[in-house]
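Undergrad: In case you want the letters, here they are:
2 protein chains.
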Amino acid sequence: MAKKDEGSRVRDALRVGGELPDPGSTPVGPGKKAKALEELGSAGERLSALQEALYAEGVGGGRRSVLLVLQGMDTSGKGGTVSHVLGLVNPMGVRYAAFKKPTATERRHHYLWRIRKQLPAPGQIGVFDRSHYEDILVPRVNGLLTAAERRRRYAELTAFEAELAEAGTTVLKVFLHISPEEQLKRLKARLVTPEKRWKYNPGDLEARSHWPAYAKAYADIFEKTPTWYAVPADHKWYRNWAVAELLIETLAELKPRFPAPDYDVDAELAKLKGVGARS
Amino acid sequence: MAKKDEGSRVRDALRVGGELPDPGSTPVGPGKKAKALEELGSAGERLSALQEALYAEGVGGGRRSVLLVLQGMDTSGKGGTVSHVLGLVNPMGVRYAAFKKPTATERRHHYLWRIRKQLPAPGQIGVFDRSHYEDILVPRVNGLLTAAERRRRYAELTAFEAELAEAGTTVLKVFLHISPEEQLKRLKARLVTPEKRWKYNPGDLEARSHWPAYAKAYADIFEKTPTWYAVPADHKWYRNWAVAELLIETLAELKPRFPAPDYDVDAELAKLKGVGARS
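From first to last, the protein sequence lines stand for chains A and P.
Residue numbering for the first sequence follows the numbering used here, beginning at 1 and increasing consecutively.
Residue numbering for the second sequence follows the numbering used here, beginning at 1001 and increasing consecutively.
Think of the hints as simulated: they come from the structure by calculation, not from any bench.
Among the clues, some could well be false.
[To be verified] Cβ pair distances, simulated, as ranges:
no., chain 1, residue 1, chain 2, residue 2, range
1, P, A1148, A, V275, 33 to 43 angstroms
2, P, R1152, A, K100, 33 to 43 angstroms
3, A, L269, P, P1259, 49 to 59 angstroms
4, P, G1018, A, P194, 42 to 52 angstroms
[To be verified] Under the rule of at most 30 angstroms between Cα atoms (straight-line distance), these lysine-lysine pairs were calculated in the DSSO-like manner:
no., chain 1, residue 1, chain 2, residue 2
5, A, K199, P, K1273
6, P, K1236, A, K271
7, A, K273, P, K1216
8, P, K1032, P, K1100
9, A, K188, A, K35
10, P, K1199, P, K1236
11, P, K1273, A, K216
12, P, K1216, A, K271
13, P, K1236, P, K1101
14, A, K273, P, K1236
15, P, K1271, A, K101
16, A, K273, P, K1185
17, P, K1196, A, K196
18, P, K1224, P, K1033
19, A, K185, A, K196
20, A, K273, P, K1196
21, P, K1255, A, K188
22, A, K100, P, K1271
23, P, K1032, P, K1188
24, A, K33, A, K188
25, P, K1100, A, K273
26, A, K101, P, K1216
27, A, K271, P, K1035
28, A, K271, P, K1196
29, P, K1101, A, K255
30, A, K216, A, K188
31, P, K1035, P, K1273
32, P, K1273, A, K188
33, P, K1236, P, K1033
34, P, K1273, A, K101
35, A, K117, P, K1101
36, P, K1196, A, K255
37, A, K188, A, K101
38, A, K236, A, K199
39, P, K1035, P, K1185
40, P, K1271, A, K216
Even for Gly, the Cβ is constructed at its ideal location relative to N, Cα and C.
Using the sequences and the hints, build the whole thing.
TA: Structural data, given as structure tokens:
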């Protein structure tokens, strides 16, 4: 699974396989903010180039796409990651979807119903801000799933992702790992800053009170479902750097290619020579 | 209609009302590239701040949204505008949709069917790369609409946009105006640059051959449907500057506001003091 070449250096270091790294650590790459910001700048160029090639491939009839799944406790920085990492590429190629508490309509459908409606089209990078994993996480923590139901959901989720792979979608699953101490700071910041108060939700404290249960539920998810990456997220600069690199490695491995023209280039150039400049 | 205050300076200058400006002109704002690029940088900050407030308003239960409709001949820079202008804001708040030649399934529905599925959610900035106007433009140029059918479509489009306004969506319609000479250059560039060939479509030359008919059809649209803005688009730097400013003026007029908390800030702060740092 783990290829030891340069093209999977960050993935190899951050792939979940037991204990999670410390939320304040920097297991791979820059350990300092200035360096991380500098590297993120050049990552933006690589990411844009890869995204454009994937998009072009899609226009040319290719079916491949990438889906970045972001999970993490409240304030772990899912939104910030979207802004700072996906903000580096052309919005034409990005499809963003947030999954909040299911609506009444959504609850009347299978939990994958609303997920399927938001999958990336060929050539796109889809981004899920929370995802189908909420549907095993939340009910489990709230004690609403029997062991048998849990097993069935794991099987469903694994089958669903196999289906996505089959359809050409590469799924990159990232857990943004923050500490309870950092969360407390961020929740306070949301409350004391008037322009941040809209981000605060009293329910966040309820979820926080179940922190150990969430940690356990996540550990179970990491064990029972295919490959996850854990990004230490107490430092926003490290989180952005790491997610950008994970995305770059994932895209680079696909080797997206500009499609060969399905028309005769020379014939078209000749036609262009024949038309007047005016029209 | 035209308010002569600073908040609609660019809209007032670019609002269509008769002859279109020269595609190479700069009727308002910077006339030089360096200045336009500099101003676009600061526009990015204003645009981001407005977009965040609109998004926050949506999270707080607000229903307002903005829909940027981009129309223009092939190579007029619809994609480039999305990349350079919408690329300045948080992808969470942007919903992009391109409308190409309708698929077989789409053709079996009313032409507004596929349009309605892509409308921005509350708090979002929707972007249509081509739009419902293609459904009067293309069939008209191809001689497929009788005068009566045309009248009905105009009435439908106007009613549709009134419905959007009613639902809280402000529509900003922009025509990217290029010259045939500039189009010829851009088509050639697409053919001679291998990484651009995927953007070339032999059908573009067919559309080009009907340039005067398209110009006439557009003039009719500008006359028969609500407010349009024409952006001279031979200079990409001017096009980007102008669309950014049109979007800023449109958003600023809405005065999007961060929602008041629907919880008791002091009570939540007190609760936060009570919880341990660990969780």
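Undergrad: Hint by hint, note whether the structure agrees.
TA: A quick look at each hint next to the structure:
1. Distance hint check for A1148(P) and V275(A): the Cβ-Cβ separation is about 35 angstroms, which falls inside the suggested range of 33 to 43 angstroms.
2. Between R1152(P) and K100(A) the Cβ separation comes to about 40 angstroms, which falls inside the hinted range of 33 to 43 angstroms.
3. Range check, L269(A) to P1259(P): Cβ separation about 56 angstroms, and the 49 to 59 angstroms hint holds.
4. Taking 42 to 52 angstroms as the suggested C-beta distance range, the pair G1018(P) and P194(A) conforms, at roughly 46 angstroms.
5. A distance of roughly 19 angstroms separates the Cα atoms of K199(A) and K1273(P); the hinted pair therefore holds under the 30 angstroms criterion.
6. Proposed proximity of K1236(P) and K271(A) is supported: the alpha carbons are some 26 angstroms apart, at most 30 angstroms.
7. Restraint check: the Cα-Cα separation between K273(A) and K1216(P) comes to about 26 angstroms, which is no more than 30 angstroms; the hinted pair holds.
8. With a C-alpha separation of about 34 angstroms, the suggested pair K1032(P) and K1100(P) falls outside the 30 angstroms cut-off, and the hint is violated.
9. A C-alpha spacing of about 28 angstroms is found between K188(A) and K35(A), which places the hinted pair at or below 30 angstroms, so the restraint holds.
10. Restraint check: the Cα-Cα separation between K1199(P) and K1236(P) comes to about 17 angstroms, which is no more than 30 angstroms; the hinted pair holds.
11. The suggested pairing of K1273(P) with K216(A) holds, with an alpha-carbon distance near 26 angstroms, which does not exceed 30 angstroms.
12. Of the supplied pair hints, the one linking K1216(P) and K271(A) holds, its CA atoms being roughly 25 angstroms apart against a limit of 30 angstroms.
13. For the suggested pair K1236(P) and K1101(P), the alpha carbons sit about 25 angstroms apart, so the restraint of at most 30 angstroms is met.
14. Distance hint between K273(A) and K1236(P) is fulfilled; the C-alpha atoms sit about 24 angstroms from each other, no more than 30 angstroms.
15. For the proposed pair K1271(P) and K101(A), the alpha carbon gap of about 23 angstroms is at most 30 angstroms, so the pair holds.
16. Taken as a hint, the K273(A) and K1185(P) pair is honoured in the structure, with Cα atoms around 11 angstroms apart against an allowance of 30 angstroms.
17. With a C-alpha separation of about 42 angstroms, the suggested pairing of K1196(P) with K196(A) is violated against the 30 angstroms cut-off.
18. At roughly 34 angstroms between alpha-carbon atoms, K1224(P) and K1033(P) are farther apart than 30 angstroms, so this suggested pair is violated.
19. For the suggested pair K185(A) and K196(A), the alpha carbons sit about 13 angstroms apart, so the restraint of at most 30 angstroms is met.
20. Distance check on the hinted pair: K273(A) and K1196(P) sit about 19 angstroms apart at the alpha-carbon level, within 30 angstroms; holds.
21. A hinted pair counts as satisfied when its Cα atoms are at most 30 angstroms apart, and K1255(P) with K188(A) qualifies at roughly 27 angstroms.
22. Straight-line distance between C-alpha atoms of K100(A) and K1271(P) comes to about 24 angstroms, which keeps the hinted pair within the 30 angstroms bound.
23. Restraint check: the Cα-Cα separation between K1032(P) and K1188(P) comes to about 25 angstroms, which is no more than 30 angstroms; the hinted pair holds.
24. A C-alpha spacing of about 23 angstroms is found between K33(A) and K188(A), which places the hinted pair at or below 30 angstroms, so the restraint holds.
25. The straight-line distance between the Cα atoms of K1100(P) and K273(A) is roughly 27 angstroms, inside the 30 angstroms bound, and the hint therefore holds.
26. For a cut-off of 30 angstroms, the pair hint linking K101(A) to K1216(P) is broken: about 50 angstroms separates their Cα positions.
27. About 38 angstroms separates the Cα atoms of K271(A) and K1035(P), which puts this hinted pair outside 30 angstroms; it is violated.
28. For a cut-off of 30 angstroms, the pair hint linking K271(A) to K1196(P) stands: about 18 angstroms separates their Cα positions.
29. Using a Cα cut-off of 30 angstroms, the hinted pair K1101(P) and K255(A) holds, with the two alpha carbons roughly 29 angstroms apart.
30. Among the hinted pairs, K216(A) with K188(A) is consistent with the structure: their alpha-carbon atoms are about 25 angstroms apart, no more than 30 angstroms.
31. The straight-line distance between the Cα atoms of K1035(P) and K1273(P) is roughly 50 angstroms, outside the 30 angstroms bound, and the hint therefore fails.
32. At most 30 angstroms may separate the alpha-carbon atoms for a hinted pair to count; K1273(P) and K188(A) meet this at roughly 9 angstroms.
33. A distance of roughly 9 angstroms separates the Cα atoms of K1236(P) and K1033(P); the hinted pair therefore holds under the 30 angstroms criterion.
34. Taken as a hint, the K1273(P) and K101(A) pair is honoured in the structure, with Cα atoms around 27 angstroms apart against an allowance of 30 angstroms.
35. For the proposed pair K117(A) and K1101(P), the alpha carbon gap of about 22 angstroms is at most 30 angstroms, so the pair holds.
36. Distance restraint check for K1196(P) and K255(A): the Cα-Cα separation of roughly 17 angstroms lies within the 30 angstroms cut-off, and the hinted pair is therefore satisfied.
37. Among the hinted pairs, K188(A) with K101(A) is consistent with the structure: their alpha-carbon atoms are about 23 angstroms apart, no more than 30 angstroms.
38. For the suggested pair K236(A) and K199(A), the alpha carbons sit about 17 angstroms apart, so the restraint of at most 30 angstroms is met.
39. The straight-line distance between the Cα atoms of K1035(P) and K1185(P) is roughly 25 angstroms, inside the 30 angstroms bound, and the hint therefore holds.
40. At roughly 25 angstroms between alpha-carbon atoms, K1271(P) and K216(A) fall within 30 angstroms of each other, so this suggested pair holds.
When held up to the earlier numbered hints, the structure conflicts with 8, 17, 18, 26, 27 and 31 and fits the remainder.
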